[in-house]
Amino acid sequence: AQTVTQSQPEMSVQEAETVTLSCTYDTSESNYYLFWYKQPPSRQMILVIRQEAYKQQNATENRFSVNFQKAAKSFSLKISDSQLGDTAMYFCAFMGGTSGSRLTFGEGTQLTVNP
Amino acid sequence: GAVVSQHPSWVICKSGTSVKIECRSLDFQATTMFWYRQFPKQSLMLMATSNEGSKATYEQGVEKDKFLINHASLTLSTLTVTSAHPEDSSFYICSARDLGKGNTGELFFGEGSRLTVL
Chain D
25 AQTVTQSQPE MSVQEAETVT LSCTYDTSES NYYLFWYKQP PSRQMILVIR QEAYKQQNAT
85 ENRFSVNFQK AAKSFSLKIS DSQLGDTAMY FCAFMGGTSG SRLTFGEGTQ LTVNP
Chain V
9 GAVVSQHPSW VICKSGTSVK IECRSLDFQA TTMFWYRQFP KQSLMLMATS NEGSKATYEQ
69 GVEKDKFLIN HASLTLSTLT VTSAHPEDSS FYICSARDLG KGNTGELFFG EGSRLTVL
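One line per chain: the protein sequences are D and V, in this order. The numbering of the first sequence is our numbering, which starts it at 25 and goes up by one. The numbering of the second sequence is our numbering, which starts it at 9 and goes up by one.
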């Protein structure tokens, strides 16, 4: 079974600064997807970024980028130029292999961006 | 992007009654939908996989007679919480995969439904 671990329950950052959220996972699969989802106070799950395991290049989406270390099973999220609207719970998630389209989520990191 | 709609977004019911939550894919077809449960300040826990035209697959520890899932069409899955009790109070979220896009890995989430059982 796959597991996803987020070791930072809470983090805070000043507006316009950069913050990195950590995520590690455990799997025996070779083909899989990794995701970061954002859940603001509205509780709507929003996809932030997706990484396909067979791609060595780290995914980027505007201010959001990942550091994907497949051998180390690490998948951190970097948020640059943090904005107040980035305040949310962030979940790292795994999908793949025998789990099909089922997502396994980490415990989440509550990020607060301070003005 | 693809839209998944849940209804109702908020429901309050009396203990012992049943509550139905709908999950609809508005602009795509989904043979598979997923139901999650989320307690305050916690992560999403997968309850079951809803399969169009067949029985749902429940995760270990989830009572299938308690949480009835029906996926009668390619755009609608329903979760019925039967004989609800206060401990069933939670936030329920569905997600769906776009059948037309193959396995791109992307799932689309509904807005969630908050259930409060008095």
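There's no promise every hint is true.
From the structure, some residues in chain D lie toward chain V, with a derived Cβ separation under 8 Å [as the list claims (entries may be wrong)]: (1) F88; (2) K94; (3) K97; (4) E131.
Within a straight-line C-alpha distance of at most 27 Å, the following computed DSS-like cross-link-like pairs (lysine-lysine) qualify [to be verified]: (5) V:K49 x V:K72; (6) V:K74 x V:K28; (7) V:K72 x D:K102; (8) V:K49 x D:K97; (9) D:K97 x D:K79; (10) V:K74 x V:K22.
Beta-carbon label-pair distances, calculated as ranges [claimed, not checked]: (11) D:E41 x V:D73: 49 to 59 Å; (12) D:A96 x V:G61: 21 to 31 Å; (13) V:S17 x D:T29: 43 to 53 Å; (14) V:K22 x D:E53: 25 to 35 Å; (15) D:L71 x V:K22: 31 to 41 Å; (16) D:Q38 x V:D73: 43 to 53 Å.
By construction, these hints were calculated from the structure, which means they are not laboratory data. Every value quoted in this text rests on a predicted model; they were computed, and no experiment measured them. Even for Gly, the Cβ is constructed at its ideal location relative to N, Cα and C.
Results for each hint:
no. : hint                      : verdict
1   : F88                       : violated, 16 Å
2   : K94                       : violated, 16 Å
3   : K97                       : violated, 18 Å
4   : E131                      : holds, 5 Å
5   : V:K49 x V:K72             : holds, 25 Å
6   : V:K74 x V:K28             : holds, 12 Å
7   : V:K72 x D:K102            : violated, 40 Å
8   : V:K49 x D:K97             : holds, 25 Å
9   : D:K97 x D:K79             : holds, 14 Å
10  : V:K74 x V:K22             : holds, 16 Å
11  : D:E41 x V:D73: 49 to 59 Å : holds, 51 Å
12  : D:A96 x V:G61: 21 to 31 Å : violated, 42 Å
13  : V:S17 x D:T29: 43 to 53 Å : violated, 31 Å
14  : V:K22 x D:E53: 25 to 35 Å : violated, 45 Å
15  : D:L71 x V:K22: 31 to 41 Å : holds, 37 Å
16  : D:Q38 x V:D73: 43 to 53 Å : holds, 51 Å
In summary, the structure is inconsistent with hints 1, 2, 3, 7, 12, 13, 14 from the numbered list given earlier, while agreeing with the others.
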